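Peer 1: Residues per chain are reported as follows:
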Amino acid sequence: MIGIGNCGRSDDGLGWAFVETIEKGGDFPGDTLLRYQLQVEDADLISQYDQVIFVDAYQGGLEDGYTFKKCLAAKDFSFTTHRLPPETVLYLCQELYQKNPNAYMLLIDGEKWELEIRLSELGQKNLQKALNFFEEEIIFKAAVLK
Amino acid sequence: MSKKIAIDVVTRVEGHGKVTIHLDEKGAVKDAFFHIVEFRGFERFIQGHPYWEAPLLVQRLCGICPVSHHLAAAKAIDQIVGLDPGDLSTVADKLRRLLHYGQVFQSHALHFFYLASPDLLFGLDAPPEKRNVVAVAMADKELARKGILMRKFGQEIIKAIAGKRIHGIAAVPGGVHKTFFPYERDYFLEDNDTPDVDTMIKWSLEMVQFIKAYHEKNRVWLDTFASYPSGHLGLVTDDGGLELYDGKMRAIDSVGNTRLNDIHNDEYINYFQEGVERWSYMKFPYLKKLGMKEGWNRVGPLARLNVCDYISTPLANKELQEFKSYWNGKPNNSTMHSHWARLIETLHCAELMKDLLIDESILGNDLLREGVRRPEGIGIIEAPRGTLIHHYKVDDKGMITKCNLIVSTTHNNEAMNRAVRWVAKNVLDKQPEITEGMLNQVEIAIRAFDPCLSCATHAIGKMPLKVSVFDHQDKLLHERIKSS
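These protein sequence lines are chains A and B, in that order. When you line the first sequence up against our numbering, it's residues 1 to 146, in that order. When you line the second sequence up against our numbering, it's residues 1001 to 1484, in that order.
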């Protein structure tokens, strides 16, 4: 599970906050890490896993406050060292390493993006919704199925 | 009718800047500027903080070269606690150096593979959608995989010593805070998910061969593009060798005459001054005795290889001698040879990392030294992009009262402006139509310097970069904008 964002920019820290909370919960069986932004070398990293979840903040409004969806590989040529979408990392992983991990994106809706080490009220609310969903629908069900 | 061209955002560089090109009524280039439009603030807001916070705070200037800021500040703060570089324990000195070489290695790999290689592989007129690392990865998968793993190797070195790949902590006043354990060291001496250090040396050498072969095929372009005479500045050892962590400052002019004769770090203030221009937030450092017009220098890989006499590691030194022999031992003023120089330094860093990794004494636990407090400290280091100066003054309570940062890209400010003017005059001048490929050449010239504009202005925040062409009435004719 890769949390993407920057906790120094208010709701841009939603991805990190989610991953940190999941880590503390102790029920998540996988590896976790935090990134300011994805880089090309993350294609090498995810090629070593069967499953990967990218968790990031979302700007623009989501009906449920969050969304969990399949990440589909996509060629994107808008690379800068400050932005590389998960879809492109997955694409590079397939092309360079011939690996195709099951990839998902969990996007959490935020509203404030300025310099501040604190989530907005809406961000906190949506974080909680995403956590509830993930713990009930993903971790719990995975444990039951196991 | 005169015109002005603005390239607003310059891509594949670190930071936010724009280029404006002014044309006269006949379409001839009147002038060209590389503007840095980020706001600087670090030097000011660090005031009032305790001195020991400096190495932690200043690395937030940048996500690409935080280690360089961390170490330059640490060297300055060592002096505030009464220690000169030679006073540190051998273990601390070696660990800091290993961290630094890992940083230069990964930064150079990032620049060559991710930022510069599209220009070299796809040419000046390649369509914009092809000019990026994703396209490079598709065109040459082997090159891409090596680039990824070389960068990863450097980052793993940083993580092993500083705890994190970005914004970790290794240096503390008077030394380092953590022992380097055998299992951490062994990771780099064995093949695992990252190839071993010998592979890094082998691949680095392959990259030098790659750029030499590329040069053979593209000699005229690499020799002449954005080429102009300049001064060169860098650190050297006592006997003139290339030095990246701690050395004396040496500057030469475009034909090799000495401009600054191996001065000690503490003396920099007597020799350097920073000028300003109303059209840029980035300052213009220069040698006082020569004035702002004549006293500017290039810094970075090309300058460093020009000022040094030799390199301490054998493979890189062999390449240096070949590099120097190309211009018969005279300073190399070909801007595009910066890529060649950068890859020789990459090889040097790989060799240096190996030397340190197989040195058993680096695993020691003699980490800290103490001294008698001083009111002032100056730390100078060769960051990947060039000479980096950190200067702090503190009060009796240890609070920072003054901070002056002269970063590598700032030294290169005038040099980058000259490169932009060269392209404007030689490529855009009197052209009936300004094409996308022509504007890209402005960016290629800037990119050779691997500028980090966020560092140079000490900015925080988003970093999009912007090139525009305006007529004599300031009417916009062409523009390129990309957000980051």
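No wet-lab data here; the hints were simulated from the structure. Here the structure is a predicted model, which means the values were calculated and not measured. Just so it is clear, CB atoms sit at the ideal spot from N, CA and C, and this is done for glycine as well. Check the hints yourself; a few may be wrong.
Claimed, not checked - Counterexamples of contact, computed for chain A against chain B with all Cβ distances above 10 Å:
#1 16
#2 23
#3 25
#4 32
#5 36
#6 43
#7 58
#8 88
#9 96
#10 100
#11 116
Said to hold, decoys possible - A few chain A residues that don't get close to chain B, going by computed Cβ distances all over 10 Å:
#12 29
#13 40
#14 41
#15 44
#16 61
#17 65
#18 72
#19 75
#20 91
#21 92
#22 95
#23 97
#24 99
#25 125
#26 142
Unchecked claim - Straight-line Cα separation of at most 16 Å, EDC-like style, residue types lysine to aspartate or glutamate; simulated pairs:
#27 70(A) / 87(A)
#28 1289(B) / 1253(B)
#29 1293(B) / 1267(B)
#30 1130(B) / 76(A)
#31 1141(B) / 95(A)
#32 75(A) / 50(A)
#33 1354(B) / 1084(B)
#34 75(A) / 1129(B)
#35 1094(B) / 1084(B)
Peer 1: Against this structure, judge whether each hint is valid.
Peer 2: Evaluated hints:
1. 16: 13 Å, holds
2. 23: 16 Å, holds
3. 25: 23 Å, holds
4. 32: 14 Å, holds
5. 36: 6 Å, violated
6. 43: Given that some Cβ of chain B is not farther than 10 Å from that of residue 43(A), nearest at about 7 Å, it is violated.
7. 58: 17 Å, holds
8. 88: Not fine: 6 Å to the nearest Cβ puts residue 88(A) too close to chain B.
9. 96: Violated: least Cβ distance 6 Å, not greater than 10 Å.
10. 100: Consistent with the label, residue 100(A) stays out of reach of chain B, its closest Cβ about 16 Å off (over 10 Å).
11. 116: Holds, because the least Cβ-Cβ distance between residue 116(A) and chain B comes to about 13 Å, which exceeds 10 Å.
12. 29: 20 Å, holds
13. 40: 6 Å, violated
14. 41: 5 Å, violated
15. 44: Answer for residue 44(A): violated, closest chain B Cβ roughly 5 Å.
16. 61: Since the minimum Cβ distance to chain B is about 21 Å, residue 61(A) lies beyond 10 Å and the statement holds.
17. 65: 25 Å, holds
18. 72: 16 Å, holds
19. 75: 7 Å, violated
20. 91: Given a closest Cβ separation of 8 Å, the condition is violated.
21. 92: 6 Å, violated
22. 95: 6 Å, violated
23. 97: Check fails; 8 Å does not lie beyond 10 Å.
24. 99: Answer for residue 99(A): holds, closest chain B Cβ roughly 12 Å.
25. 125: 26 Å, holds
26. 142: 26 Å, holds
27. 70(A) / 87(A): 10 Å, holds
28. 1289(B) / 1253(B): 13 Å, holds
29. 1293(B) / 1267(B): 22 Å, violated
30. 1130(B) / 76(A): Since the Cα atoms of residue 1130(B) and residue 76(A) sit roughly 10 Å apart, the hinted pair holds (cutoff 16 Å).
31. 1141(B) / 95(A): 8 Å, holds
32. 75(A) / 50(A): Not satisfied, since the Cα-Cα distance of roughly 21 Å exceeds 16 Å.
33. 1354(B) / 1084(B): Violated: residue 1354(B) and residue 1084(B) sit about 26 Å apart, past 16 Å.
34. 75(A) / 1129(B): Cα-Cα ~11 Å, so holds.
35. 1094(B) / 1084(B): Holds, at roughly 15 Å.
The earlier numbered hints that this structure contradicts are 5, 6, 8, 9, 13, 14, 15, 19, 20, 21, 22, 23, 29, 32 and 33.
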